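Enquirer: Listed below, chain by chain, are the residues.
There are 4 protein chains.
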Amino acid sequence: MNTLSIKKQLHIRFSEVDSMGVVWHGNYVTYLEDAREAFGEKYDLGYLRIFGEGYYAPLVDVHLQHKRPIIYGMHPEIEIVYRPTDAAKIIFDYRITDGETLVATARTMQVFMDKEYKLVLTNPPFFEEWKNKWL
Amino acid sequence: MNTLSIKKQLHIRFSEVDSMGVVWHGNYVTYLEDAREAFGEKYDLGYLRIFGEGYYAPLVDVHLQHKRPIIYGMHPEIEIVYRPTDAAKIIFDYRITDGETLVATARTMQVFMDKEYKLVLTNPPFFEEWKNKWL
Amino acid sequence: MNTLSIKKQLHIRFSEVDSMGVVWHGNYVTYLEDAREAFGEKYDLGYLRIFGEGYYAPLVDVHLQHKRPIIYGMHPEIEIVYRPTDAAKIIFDYRITDGETLVATARTMQVFMDKEYKLVLTNPPFFEEWKNKWL
Amino acid sequence: MNTLSIKKQLHIRFSEVDSMGVVWHGNYVTYLEDAREAFGEKYDLGYLRIFGEGYYAPLVDVHLQHKRPIIYGMHPEIEIVYRPTDAAKIIFDYRITDGETLVATARTMQVFMDKEYKLVLTNPPFFEEWKNKWL
Chain A
43 MNTLSIKKQL HIRFSEVDSM GVVWHGNYVT YLEDAREAFG EKYDLGYLRI FGEGYYAPLV
103 DVHLQHKRPI IYGMHPEIEI VYRPTDAAKI IFDYRITDGE TLVATARTMQ VFMDKEYKLV
163 LTNPPFFEEW KNKWL
Chain B
43 MNTLSIKKQL HIRFSEVDSM GVVWHGNYVT YLEDAREAFG EKYDLGYLRI FGEGYYAPLV
103 DVHLQHKRPI IYGMHPEIEI VYRPTDAAKI IFDYRITDGE TLVATARTMQ VFMDKEYKLV
163 LTNPPFFEEW KNKWL
Chain C
43 MNTLSIKKQL HIRFSEVDSM GVVWHGNYVT YLEDAREAFG EKYDLGYLRI FGEGYYAPLV
103 DVHLQHKRPI IYGMHPEIEI VYRPTDAAKI IFDYRITDGE TLVATARTMQ VFMDKEYKLV
163 LTNPPFFEEW KNKWL
Chain D
43 MNTLSIKKQL HIRFSEVDSM GVVWHGNYVT YLEDAREAFG EKYDLGYLRI FGEGYYAPLV
103 DVHLQHKRPI IYGMHPEIEI VYRPTDAAKI IFDYRITDGE TLVATARTMQ VFMDKEYKLV
163 LTNPPFFEEW KNKWL
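Protein chains in written order, with my numbering: chain A, 43 to 177; chain B, 43 to 177; chain C, 43 to 177; chain D, 43 to 177.
FYI, nobody ran anything at the bench for these hints, they're computed from the structure.
Just to be clear, a hint being listed does not mean it is correct.
Here are the simulated DSS-like cross-link-like pairs (lysine-lysine), alpha carbons at most 30 Å apart as the crow flies [what the hints assert, rightly or not]: (1) Lys175/D <-> Lys49/D; (2) Lys131/C <-> Lys175/C; (3) Lys173/D <-> Lys157/D; (4) Lys109/C <-> Lys160/A; (5) Lys84/C <-> Lys157/C; (6) Lys157/D <-> Lys109/B; (7) Lys157/B <-> Lys160/A; (8) Lys157/A <-> Lys160/B; (9) Lys157/D <-> Lys175/D; (10) Lys84/D <-> Lys160/D; (11) Lys160/A <-> Lys175/A; (12) Lys157/D <-> Lys157/C; (13) Lys84/D <-> Lys109/D; (14) Lys49/A <-> Lys49/D; (15) Lys49/A <-> Lys50/D; (16) Lys50/A <-> Lys49/D; (17) Lys160/C <-> Lys50/D; (18) Lys131/C <-> Lys157/A; (19) Lys157/A <-> Lys131/A; (20) Lys84/D <-> Lys50/A; (21) Lys50/B <-> Lys84/C; (22) Lys131/A <-> Lys175/A; (23) Lys50/A <-> Lys160/C; (24) Lys131/B <-> Lys109/D.
For clarity, every value in this text was computed on a predicted model and none was experimentally measured.
Make the full structure from the sequences, and use the hints.
Expert: Rendered as structure tokens:
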């Protein structure tokens, strides 16, 4: 089974730095989204694809652990790794690093909902095909 | 003709303060939106009403002028005033004050679009009625 | 020992709703901050107090679990509960509800850093006093 | 006199799209900031440089005009142009385009403040040197 992952350099905006001089923690959720979008482009699993297949994939669990602050002017990198599961879920692990230094880790879990916002308990057919193709 | 307006106290979040110790200017756009929402609730012209009538009312012009910085811990107030016009537009003026001190002024202009995102050049019937009722 | 908590009604902004028609998950982090600020005001443990005592209290762990989406027009409530610990940490649990319906739960953990951004491993004196006063 | 400008492709985040399916107007202020940062990097006039010289350069006037909506999946480009003035101000014009289509225009004006947040009415020496070097 292949390990699917991608690395992406983060662009830290001045407005993301708070009055303590470090990136406000709430912005990390956006960095995770940036990583998922980059993953989705590389592996054809972006929001537009999922939506086009007739589903939403909302986040139901987000767990972030901050190890070091990010200062304005740093150019940290985020790595996103897909974690296979049999359940009808999409699980990603994330590592944000600045050179050798670990800045933060995170895990997110998404589920599938249909267009009526009903939870889908089994893997959608397009997602089964996606797994067969990539994993 | 009546002057329609409402005042609202702003809630400044810690995360809205930047590394210069003042509210990041980009957040003011959100304060204007807060004021429009308060206006919409009072005068029945909120997003949900407009949408329910079959229209969008996107902002096409935003002009903000900053006079004084907002510091965390301040409790500024925003006043929004409706500016009548014959054109199919919604124009608001805003004043943000902290006690006697003028902090910022702004003007926004919205147009009407139908659900196919086509610009509507004449006042929608519901908006004509709204004007007759309130002005 | 007293259980310290506070409830606060959330104000959902139109701009917090994403193209799926529900509040974008990243905004929940801001709601948690709103709750902490309300708690800090009631129990004298706000950012300005902590900073005035010579410390920062950055978030090092944020765990959010989404149960139901928040729709524009809902007026959900957030409850924040302080969880006592002997470690030099501030732990809060959160519950967001809409009437009887549980919308989301969360837990955050903060540590203390001095003004040189060094981790403080024992409870700062002001925080010991705070505990003695309130718990 | 040289015309100083730079173009930058915008990265539109999913979370920047609102429930009307278009980028929420408040995010454009962030795009302007992205453009200023790119300009600052190319022409050595970034926040850190200005701050290192002993000044802030807060925005005092922001004027945005929206011509067309930005849809998720578009890859618009922003152009920022420096507009020379004798006053102690920094003025930029912006054009956001998607291919041949004009999406938005904007103008911002910044002033100089010293570290005590006092307005500086004459051009700071470092800014005079900057003008001599680049214009």
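Enquirer: All hints are to be evaluated individually against the structure, with a verdict given for each.
Expert: Hint-by-hint comparison with the structure:
1. For the suggested pair Lys175/D and Lys49/D, the alpha carbons sit about 21 Å apart, so the restraint of at most 30 Å is met.
2. For the proposed pair Lys131/C and Lys175/C, the alpha carbon gap of about 17 Å is at most 30 Å, so the pair holds.
3. Of the pairs offered as hints, the one joining Lys173/D and Lys157/D holds, with about 22 Å between alpha carbons and a cut-off of 30 Å not exceeded.
4. Taking the CA atoms of Lys109/C and Lys160/A, the gap is near 12 Å; set against the 30 Å cutoff, the hint holds.
5. With a C-alpha separation of about 25 Å, the suggested pair Lys84/C and Lys157/C falls inside the 30 Å cut-off, and the hint holds.
6. Using a Cα cut-off of 30 Å, the hinted pair Lys157/D and Lys109/B holds, with the two alpha carbons roughly 17 Å apart.
7. Between Lys157/B and Lys160/A the alpha-carbon distance is near 25 Å, which keeps this suggested pair within the 30 Å criterion.
8. For a cut-off of 30 Å, the pair hint linking Lys157/A to Lys160/B stands: about 25 Å separates their Cα positions.
9. Restraint check for Lys157/D and Lys175/D: the C-alpha separation of about 25 Å stays at or below 30 Å, so the hint holds.
10. In summary, the hint linking Lys84/D to Lys160/D is supported, as the alpha carbons are separated by about 28 Å, within the 30 Å threshold.
11. Simply put, Lys160/A and Lys175/A have alpha-carbon atoms about 27 Å apart, close enough for the 30 Å limit, and the pair holds.
12. With a C-alpha separation of about 19 Å, the suggested pairing of Lys157/D with Lys157/C holds against the 30 Å cut-off.
13. Of the pairs offered as hints, the one joining Lys84/D and Lys109/D holds, with about 28 Å between alpha carbons and a cut-off of 30 Å not exceeded.
14. About 25 Å separates the Cα atoms of Lys49/A and Lys49/D, which keeps this hinted pair within 30 Å; it holds.
15. Straight-line distance between C-alpha atoms of Lys49/A and Lys50/D comes to about 22 Å, which keeps the hinted pair within the 30 Å bound.
16. For the proposed pair Lys50/A and Lys49/D, the alpha carbon gap of about 22 Å is at most 30 Å, so the pair holds.
17. Annotation: proposed proximity of Lys160/C to Lys50/D is violated, straight-line Cα distance about 38 Å (limit 30 Å).
18. A distance of roughly 42 Å separates the Cα atoms of Lys131/C and Lys157/A; the hinted pair therefore is violated under the 30 Å criterion.
19. A threshold of 30 Å between alpha carbons decides the hint, and for Lys157/A with Lys131/A the separation of about 17 Å falls inside it, so the pair holds.
20. Proposed proximity of Lys84/D and Lys50/A is supported: the alpha carbons are some 22 Å apart, at most 30 Å.
21. For the hint linking Lys50/B to Lys84/C, the alpha-carbon distance of about 22 Å falls within 30 Å, and the restraint holds.
22. Proposed proximity of Lys131/A and Lys175/A is supported: the alpha carbons are some 17 Å apart, at most 30 Å.
23. Restraint check for Lys50/A and Lys160/C: the C-alpha separation of about 29 Å stays at or below 30 Å, so the hint holds.
24. Only pairs whose Cα atoms come within 30 Å are accepted, and Lys131/B paired with Lys109/D is accepted, the gap being roughly 15 Å.
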